[in-house]
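Protein chains in written order, with my numbering: chain A, 4 to 341; chain B, -9 to 547; chain C, 188 to 536.
Source of the hints: derived by calculation from the structure; they are not laboratory data. Beta carbons are placed, not taken as given, at the ideal position from N, Cα and C, and that holds for glycine. Mixed in with the good hints, there may be bad ones.
Pairwise CB distance ranges (calculated) [said to hold, decoys possible]:
| id | chain 1 | residue 1 | chain 2 | residue 2 | range |
| --- | --- | --- | --- | --- | --- |
| 1 | B | Gln313 | C | Trp322 | 48 to 58 Å |
| 2 | A | Ala240 | B | Phe132 | 37 to 47 Å |
| 3 | B | Ala389 | A | Glu141 | 52 to 62 Å |
| 4 | A | Arg337 | B | Ala251 | 23 to 33 Å |
| 5 | A | Pro110 | B | Trp131 | 41 to 51 Å |
| 6 | C | Trp322 | B | Ile464 | 11 to 21 Å |
| 7 | A | Ser318 | B | Gly34 | 30 to 40 Å |
| 8 | B | Pro32 | A | Glu141 | 48 to 58 Å |
| 9 | A | Val181 | B | Leu294 | 33 to 43 Å |
| 10 | A | Lys182 | B | Ala57 | 53 to 63 Å |
| 11 | B | Gly329 | A | Ala240 | 40 to 50 Å |
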Amino acid sequence: MRLFSRLALTVAACLAAGTVSAAEVNIYSARKDHLLKPVLDAFTQETGIAVNLLSADATQLLERLKSEGKDSPADMFIATDVVHLHAARAADLLQPVTSTVLEQAIPTQYRDPQGYWFGLSARARVIFYAKDRVKPAELSTFEDLVSPKWKGRICVRSSSSTYNQSLLGGIIAALGEVKAEAWAKGITENMARKPQGGDRDQIAAVAAGQCDLAIANTYYFGGMQTSDKQSERDAAAKVGLFFPNQNDRGAPMNVSGAGLTISAKNKTEAMTLLEFMAGAHAQKLFAEANNEFPVLTSAALSPTVAAWGPFKGESINVAVLGENAAHAVRIFDRVGWR
Amino acid sequence: MPAYPHKHNGYKAPLPWLVAVLALAALVALPVLVVTANLLVPSGDVWTHLAATVLGSYIGNSLLLMAGVGTGVAIGGVGTAWLVTMCRFRLSRVLEWALLLPMAMPAYVVAYTYTDLLDYSGPLQSVLRAVFGWSSARDYWFPDIRSLGGAIAVMVMVLYPYVYILARAAFLEQSVCVLEASRTLGRGPWRAFGQVALPLARASIIAGIALALMETLNDFGTVQYFAVDTFTTGIYRTWLGMGQPIAAAQLGAVLMIFVAALIVMERLSRGGAKSHHTTSRYRRLPQIPLTGWRGGLALGFSLLPVLLGFVVPALVLAGWTLQVGLENSFGGDFSRLAGNSLILAVIAGMTAVAVALVLAYAQRLHPRPLIRFAVRIASLGYAVPGSVIAVGILVPLVAADRALAHGIESWTGRSPGLLMTGTIFALVYAYLVRFLAVSTNSIEASLAKVTPSLEAAARTLGCGTVTALRRVHIPMIRGSLLSAALLVFVDVMKELPATLIMRPFNFDTLATRTFTLASDERLADAGAPALAIVLVGLVPVLLLSRAIAKSRPGESE
Amino acid sequence: MNSTTGLVMSNITHHFGRTQVVDDVSLSIAPGELLCLLGPSGCGKTTTLRIAAGLEVPSAGTVVLNGTEVSGPHAQLPPESRHVGFLFQDYALFPHLRVRGNVEFGLAGKPAAERRARAEEMLDQVGMADYAESWPHQLSGGQQQRVALARALAPNPGLMLLDEPFSGLDKRLRDQVRDETLHVLKRNRVSTLMVTHDPEEAMFMADRVAVMRQGRIVQMDQPQTLYNQPADPFVASFFGEVNVFDAAIADGMAQTPLGPFAASLNGAGKAQVLIRPEGISLDPAGGAEGIVLAARLLGRVSLVHLRVEHPTLPAHHLHARLASRALPAEGERIRITVDPSQVFIFPAA
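So here's chain A without its partners, still in its complex pose (with noise of 0.2 Å):
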């Protein structure tokens, strides 16, 4: 039938585009495609080896390296959080590399210890508050925020985010389970409405006066701040940011990240990628696209991100946040955390 070979015809030439040249890298990214596009073309630009992407949720992606293990086409893995790396490494989905590169510019918190994947942009995940409504001189820590004085004045995003459990994973590891159950069910009495929304809608929804704190991640502030929207802009300017747990173990700190899978065929150049992605460079537009903290610490901050003042970092490695990750989805589960 004429129909089955123009068919046929049509599916060919697809599956001949989807064969690909000598030197290039296939990335499997969960990282949002314009935040990684500039890095991208940068790298292809410099050193002539073209990238082929691949952006998704990073549960589906895990699932898709799961099923084609060690026949993927994937040489590296990309995620926003370090539970998602994290849970990569345990499904035995990444391969160990050792560079001195990396290693002298990632401080070791931010990489798995065994070299399985490496943070590449940091973020804090912090308090927000209305700036006419609250004092900073009344905030101090998370732990604090379970006092019945903040009882229906705290939005913050569901707990299926992974940010939300990483949060809870930092303080399992700094309180234990027991407390940290504890911590989550009085967050849960303490919301002003039923978590919803990502994290940019909770800063919102302190501007608009629906809660008085938000909890979130910081480059979101600095997305709002620096937005083309004007409401975004005064929404941004009605809020305050709080680096919290200043005079103990630090604001919860958390990475984006990439590894090479264990099925890499261009291994040298996801190398190269994952070098030049440490690198001054890289580093620079990582800051700058996303208001992100660079791993890099020669690196410069985005003025946006200068002006919100040095802070402390808490410093336990963030491997850990990801171990933790299961057992915060129960705790959650348990206290009605949606």
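Dock chains B and C against chain A, hints included.
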């Protein structure tokens, strides 16, 4: 009874048909079976934990959602179908097709637009606050769009056309004589509706509701965006948060069994619908004229779904597109995205129709239980959440790919890697698994209208089964083949989870771009691709409405 | 009969699920012969026809068409390979093809010019040459039937199968189309198997008639033989109304209110006596007497309702069809005589 030893493969042609059907059905059903197989794998204490904590609310929310959506689409779909089919009021001619428009709207897009409009920081509440001088959420009450009620409302808005289409077709097919008979027996027009028309259309209405409920169950985007924990969101959380893929797949399997029960229910109700109309006399429908307040009420009731389900969201999308600027919206790689979406949707539409034609025709040639069962199993994928199916697809696909690679390796000495996984081929396979039911249902229905004696006539005039299909059936049901292809086309344009996980490197579609931008809280930028999905989806919707209007017996010439 | 030409069906049995619809049917049709399968609905006649066409695969039995086994232990030819013509009850014209396209449908594989010429020839034969470019839905029932006939005959089939071909037409049109169809079939000298439930139609069309009942052939013969020598009460009554008497047999005679009739049945016992209304005539010298209950003129004949009395047997209401135009008056006592060739005596069931 004496029988020929070769009787069951007596004909030369049917054996290939049988093999083709079983092979195709197995291919399409495989992912569903893979997911179900997880039920047999032990998953430790996860179930105890789930049962003790969140399972109850997942089930409760899912049931409430289904109850709400089911009631809403029944009232909206049947009510509007009756009004525009049997009554005449202002705009009723326009509404006949306009009521189908919301079908072109992906539910997640409607969710985005209404959240943007009605959220606390949205324009409506901001205006209210400015007007009444309220300063915070504690000063006033406003319904929360991100809620179970909001999710029900959004889904009713986009899913009622399933009921509308089927109910309208059923009303159009009803003989006026039956209605007039009931009038002479002392029933007013409204009681005739309740006591005659409605029971006659019951099977169609139930089929429409069942379709809407399946869409409800496999929805993830809307409920997740609206912060409603349903069974489907539970699957994701168990999988992702707890790292328990087996327990997640088990939840998926439970959901599938539930859906299978829905399908059986729909099938049973369809079986009863074989009550052919006892009279073949069709005259013009009565078309009760409604004027004054009655006309206004009818207009309001029928216009509301169109406004809420299509006009308002479309305006919001258009607003976003203009806000970002036409240059930014449709420049850049927009044409590449649109091209990708179109290619995928066209290939998937044609493949789904071809496969469905083989299945439906073989079932017609050989109405054996085995074939019927195979066709039903092959349709199950429609109701399974896309990402659950995607994982189910990956397993057999990679296995087949490995076998292929090993084969080539032993032959050429070099492994080519995975040839099908991560290509358009894999995506089309995924769409086939997901949407085959859409094309099969529509083709089965139209094949049923080709009377068996036409087939027999072709056979006695020297056509084999394949030639008869080509020379008689396909030309006769060309219209339905087209509309089946278009329905799949639209579904593929909107499809999200399977596309996200199965697509090749450096490959984006309008739907994936819409989702990426929206989930990155860049709703305005998502306006243009979302609008494009809607506009492309309008084409089949309008064609469909023409086909329905022409479906009335005796109305064609 | 030469078994290498025409149609031979032997010991055909067919089941739908557990229901046996055809039970050991055997029949043969000579070249050019027209055989009618006659019977009430549900007697299995249409299934037998479909088995001949290959549209059903029989549970057992063989079908031999022009010397080739087309259905049986050694072969099972699909309908498209049998070279038969089938005329359907609903005509089954392809709605997506014009009249010409319908007639040419079975000629696929022949050169276009030849197809066209043959189609025109056939349309001409059935008087539809002017309608070649029409669409089926533009035609009346009779016209559709003619096109369907032309379509079935165009490929020059070895066997024509007609399934109640006139039942969709009204009475007057039916007579006309029936006549034309018979002539077209005979002119083309094609063996034909036709199914009908109308005995008058069967007698009009058929060279031979096979009467079927509950899946079996009860009697198969020339129409006049069936009419004059029915094999059982079912056949006798199927060809028209009969007066039925339960009678005792004494001395080889069945005793009825109309007098005794010679019964070839052995010994004594109960018998069923069937007398056709047209076998009864007015005869002043007749041996029986009846009272006229009602008399109606039905055109060429008149129908008289009679009450017949007998000294020893119970009185009996019977119908007589009289050729005479003069109607007896109600209440009149008349004498009647019975034509013995219209009397059929069977053992009581």
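Quiz item: Honestly, do Arg337 (chain A) and Ala251 (chain B) meet the 23 to 33 Å range at C-beta?
Solution: holds (31 Å)
Quiz item: If you check the beta carbons of Ala240 (chain A) and Phe132 (chain B), does the distance land in 37 to 47 Å?
Solution: violated (24 Å)
Quiz prompt | Range agreement (Cβ of Ile464 (chain B) with Cβ of Trp322 (chain C), hint 11 to 21 Å) | solution = holds (19 Å)
Quiz item: Does the Cβ-Cβ separation between Ala389 (chain B) and Glu141 (chain A) fall within 52 to 62 Å?
Solution: With Cβ atoms ~59 Å apart, the hint holds.
Exercise. Determine whether the Cβ-Cβ distance between Gln313 (chain B) and Trp322 (chain C) falls within the hinted range of 48 to 58 Å.
Key: holds (54 Å)
Quiz item: In this structure, is the beta-carbon distance linking Val181 (chain A) and Leu294 (chain B) contained in 33 to 43 Å?
Solution: Once the Cβ atoms are compared, 53 Å apart, the range 33 to 43 Å for Leu294 (chain B) and Val181 (chain A) is violated.
Self-check item: Distance restraint evaluation - Ser318 (chain A), Gly34 (chain B), Cβ atoms, bounds 30 to 40 Å
Solution: Given about 34 Å between the Cβ atoms, the range holds.
Exercise. Indicate whether the distance between the beta carbons of Pro110 (chain A) and Trp131 (chain B) respects the range 41 to 51 Å.
Key: Holds: the Cβ-Cβ distance is about 50 Å, inside 41 to 51 Å.
Quiz item: Per the hint of 48 to 58 Å, is the separation of the Cβ atoms of Pro32 (chain B) and Glu141 (chain A) within bounds?
Solution: At roughly 50 Å between Cβ atoms, Glu141 (chain A) and Pro32 (chain B) fall inside 48 to 58 Å, so the hint holds.
Exercise. Note whether the CB distance of Gly329 (chain B) and Ala240 (chain A) lies within 40 to 50 Å or breaks it.
Key: Check passed, 42 Å falls within 40 to 50 Å.
Quiz item: Is the gap between the beta carbons of Lys182 (chain A) and Ala57 (chain B) within 53 to 63 Å?
Solution: violated (41 Å)
The earlier numbered hints that this structure contradicts are 2, 9, 10.
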